[in-house]
Amino acid sequence: MTVSPVTAPEIRTEILGPPDIARTIDRIAHQILERNGDRPVVLLGIPTRGVHLARRLGERLTAFADRPTAVGSLDITLYRDDLRRHPPRALEETRLPPGGVDDAVVILVDDVLYSGRTIRAALDALRDHGRPAIVQLAVLVDRGHRQLPIRADYVGKNIPTAFGDDVAVHLVEIDGMDSVELARAVPTRGAAAQSRQGAV
Amino acid sequence: MTTTVRQIEQGRAASGPTAPPTPAQTPDTAPIRLPRHLLSAGDLNRATAEHVLSTAERIEQAIAGREVRKLPTLRGRTVVNLFFEDSTRTRISFELAAKRLSADVITFSAKGSSVSKGESLKDTAWTLQAMGADAVVCRHSSSGAPQQLSAWVDGHVINAGDGTHEHPTQALLDAYTLRRHLGPLVGRRIVVVGDVLHSRVARSNVLLLSTLGAQLTLVAPPTLLPVGVQAWPVEVSYDLDAALVGADAVMMLRVQRERMSGAFFPTAREYSRSYGLDGRRRALIAPHGIVLHPGPMNRGMEITPQVADGAGSVIVEQVANGVTVRMAVLYLLLSGEIEMAGGTA
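So the sequence lines, in the order shown, correspond to chains R and Y.
Yeah, the first sequence ends on 206 if you go by our numbering, and it's all consecutive.
Yeah, the second sequence ends on 346 if you go by our numbering, and it's all consecutive.
Hint data in this document are derived by calculation from the structure and do not stem from the laboratory.
There may be inaccurate statements among the hints.
[To be verified] Using C-beta positions, here's what the derived DEER-type ranges look like:
id	chain 1	residue 1	chain 2	residue 2	range
1	Y	R300	R	P46	33 to 41 angstroms
2	R	I17	Y	I93	38 to 46 angstroms
3	R	A69	Y	A65	29 to 37 angstroms
4	Y	M298	R	P155	53 to 61 angstroms
5	R	A69	Y	S103	54 to 62 angstroms
6	Y	G133	R	Q37	47 to 55 angstroms
7	Y	S55	R	I17	58 to 66 angstroms
8	R	I156	Y	G164	47 to 55 angstroms
9	Y	A312	R	R45	17 to 25 angstroms
[Claimed, not checked] No more than 20 angstroms apart at the CA atoms, straight line, and that leaves these computed lysine to aspartate or glutamate pairs for EDC-like:
id	chain 1	residue 1	chain 2	residue 2
10	Y	K71	R	D134
11	R	K163	R	D44
12	Y	K112	Y	E259
13	Y	K71	R	E40
The model shown is predicted, which means the values in this text are computed figures rather than measured ones.
Beta carbons are placed, not taken as given, at the ideal position from N, Cα and C, and that holds for glycine.
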């Protein structure tokens, strides 16, 4: 999701490769079935990468449970709490399944759980669309550093990170490949670069 | 004056909330920005105009079929509707758009305000400035009034029609309506008929639709075409029947009696015969063609009731789309202010 500063040198480590991501999605699908049993669920992906994860998760659920799963997308841009601090963002697609979300088990799907602000916005958006019976959260990566009391129900991978780190999720549908990468600034030279920037 | 503005800006920046550092959210591509004020449709280049239209599409999608048709996006912001000239649909449309985005809306019309006691535009502007309006939607009978206003207030000024000059949000909603029915406007042939001379709707539409790649034909009696129309990116014709054949859309303009002091055409009946849209002429446009009118209509003058209410008429839809498009404009103008004030753009 995020782009690291261009100039700072960094070390990139691959945390998950394509087979890991496929296995992780399979596992989350099984956990969803285990927890919700026969209750039908509605998967709502948060753009952009959450939408593709939700679709993949929906395909697995359909295969495992042998019944179709409702999948949609929920754009939360207009519900963000930092709209005044950033240039206007392009809005993404919001598409709810025909049945809506009233009285359903809704599972929000996103790629990275970080501050929790996106999920807070998603909960607000969801409230304007209807009244789900239960809302759960599935993420591919939880990198910590929460700023709000929010917790995921299904986590693909917990990655301990420092504040300046960057977790990059790449998906075939958008980036042409599946991978999760951790980029960490090189400590000494990074600091030098920062002070140089400060001097300028 | 400059000092005053700067002081106010500094005051705002200092009193702004100091939140914990949020995760780096640098977008993948450089964001498309609207100009600070929306004064002319000519200020929008193709990418910006399309950005506004696709934002409107997303907003429509986000609130379609919902019980709560309101978004919290502009909570705590103030939008002032400053209307020095009569208006029904534009004023209500802007008011509804701002309210749907949860902004506080103050509507100010010249009647029943200090303007009727002789207050100048500048003094009115300073009053608004003191009240801290984030956006000022201005309609005025003098061309250029919103531009003047934009020099006097800190908020974003949106031109909601100034004299015979421009009406950019009307052009945006027309483009939005056309795009919904015709798809991309590149190469589409659109005929604009009527009082081009007095029409701010026509001026803004010519600028915007040609930016979007449409081919425009203006049809009007020679007396109702402005001086210098040859330099516009349009074709001009006096023969409505010929221009209509195979057109993708026809936009009828209102005959603006309130702006007509001279004799521009002999009789209303003759105008209607030569330049009015009736059932026979309606049949000349392409089968998928649509009929637009910015309203208010003079039924029986520039358009017959049968055509106005008939198939392919999108006049009512234009009003509905107006709210959506104005929501998009308000959202795009009023987001990211702190960052811009900080000069990090």
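A quick look at each hint next to the structure:
1. For the pair R300(Y) and P46(R), the beta carbons lie near 52 angstroms from each other, so the given range of 33 to 41 angstroms is not met.
2. Range check, I17(R) to I93(Y): Cβ separation about 58 angstroms, and the 38 to 46 angstroms hint is violated.
3. Restraint check, A69(R) to A65(Y): a C-beta distance of roughly 31 angstroms satisfies the suggested window 29 to 37 angstroms.
4. Separation of M298(Y) from P155(R) is about 56 angstroms and conforms to the stated range, judged on CB atoms against 53 to 61 angstroms.
5. As the Cβ distance of A69(R) to S103(Y) is approximately 42 angstroms, the hint placing it in 54 to 62 angstroms is violated.
6. Between G133(Y) and Q37(R) the CB atoms are about 51 angstroms apart, so this pair conforms to the stated range of 47 to 55 angstroms.
7. Under the hint 58 to 66 angstroms, the C-beta atoms of S55(Y) and I17(R), about 38 angstroms apart, miss the expected range.
8. Separation of I156(R) from G164(Y) is about 53 angstroms and conforms to the stated range, judged on CB atoms against 47 to 55 angstroms.
9. Checked against the given bound of 17 to 25 angstroms, the beta carbons of A312(Y) and R45(R), roughly 46 angstroms apart, lie outside it.
10. Our distance criterion of 20 angstroms between C-alpha atoms is met by K71(Y) and D134(R), whose separation comes to about 8 angstroms.
11. Our distance criterion of 20 angstroms between C-alpha atoms is broken by K163(R) and D44(R), whose separation comes to about 26 angstroms.
12. Taking the CA atoms of K112(Y) and E259(Y), the gap is near 18 angstroms; set against the 20 angstroms cutoff, the hint holds.
13. Annotation: proposed proximity of K71(Y) to E40(R) is violated, straight-line Cα distance about 37 angstroms (limit 20 angstroms).
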